[in-house]
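Hey, can you work out the whole structure from these sequences and the hints?
Here our numbering = 1-based position in the sequence shown + 633.
Don't read these hints as lab results, they were simulated from the structure.
Ideal placement from N, C-alpha and C gives every residue a C-beta, glycine not left out.
Honestly, I wouldn't trust all of these hints.
[What the hints assert, rightly or not] Simulated pairs of lysine-lysine, DSS-like, Cα-Cα distance not exceeding 27 Å:
| id | residue 1 | residue 2 |
| --- | --- | --- |
| 1 | K641 | K733 |
| 2 | K644 | K733 |
| 3 | K641 | K684 |
| 4 | K641 | K672 |
[As the list claims (entries may be wrong)] Estimated spans, in silico, between C-beta atoms of each pair:
| id | residue 1 | residue 2 | range |
| --- | --- | --- | --- |
| 5 | T756 | H711 | 15 to 25 Å |
| 6 | P758 | G793 | 16 to 26 Å |
| 7 | N642 | I741 | 19 to 29 Å |
| 8 | R809 | D658 | 21 to 31 Å |
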Amino acid sequence: MDVAEIHKNTKLLVDGIPCSVDEVDFTKPGKGRAIYRVKLRNLLDGTTTEKTFHSGEKAEEAQTTYQQEQYLYKDGDHYIFMNTETFEQLFVSESQIGDKKDFLKEGILVDMLMFGERPIDITLPNFIEFEVLESEVAIKAQTISPQLKAATIETGAVIGVPTFINVGDIIKVDTRTGTYVERINKK
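This is how it looks when you write it as structure tokens:
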């Protein structure tokens, strides 16, 4: 692929390692060819590097695919997923999951980014419903701004929720930001 086609979230193969483009900075000097400074995130270990390309150069696109997986359970420092088509199980390390572990609920479907046969990243659903297991006691204060209190959801993550949320309530959480969206009435 031509370097002019590189944009954010493009998957490139750099020195045999799959990377995701985080930023692209285009510069056209007075003389010479245009320069593309690309900030890359290594999809295997999460480290970031910068690489410079000149216009007209070629970059190799990483051959990655997405497949739907169901999260089953955690075993030690590995998370076990099952392919929804072949029923094969995948073991993904905690370091590969990162902060997304706070919202991994047993039974949810995720999109697993694969590099060959190797899982390298997951994409959670944008919104997931969780039960509140613990919450702080709300303190009434005279204020105009909405009050939030800490609540622990079933995965162990702590998020800010409005004061009317109680233990046992089902809430919808935005997994991209880790914030409360709404209370779900399940009858």
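So, going through the hints one by one against the coordinates:
no., hint, in the structure
1, K641 to K733, "holds (21 Å)"
2, K644 to K733, "holds (20 Å)"
3, K641 to K684, "holds (14 Å)"
4, K641 to K672, "holds (9 Å)"
5, T756 to H711: 15 to 25 Å, "holds (19 Å)"
6, P758 to G793: 16 to 26 Å, "holds (20 Å)"
7, N642 to I741: 19 to 29 Å, "holds (23 Å)"
8, R809 to D658: 21 to 31 Å, "holds (25 Å)"
In summary, the structure agrees with every hint in the numbered list given earlier.
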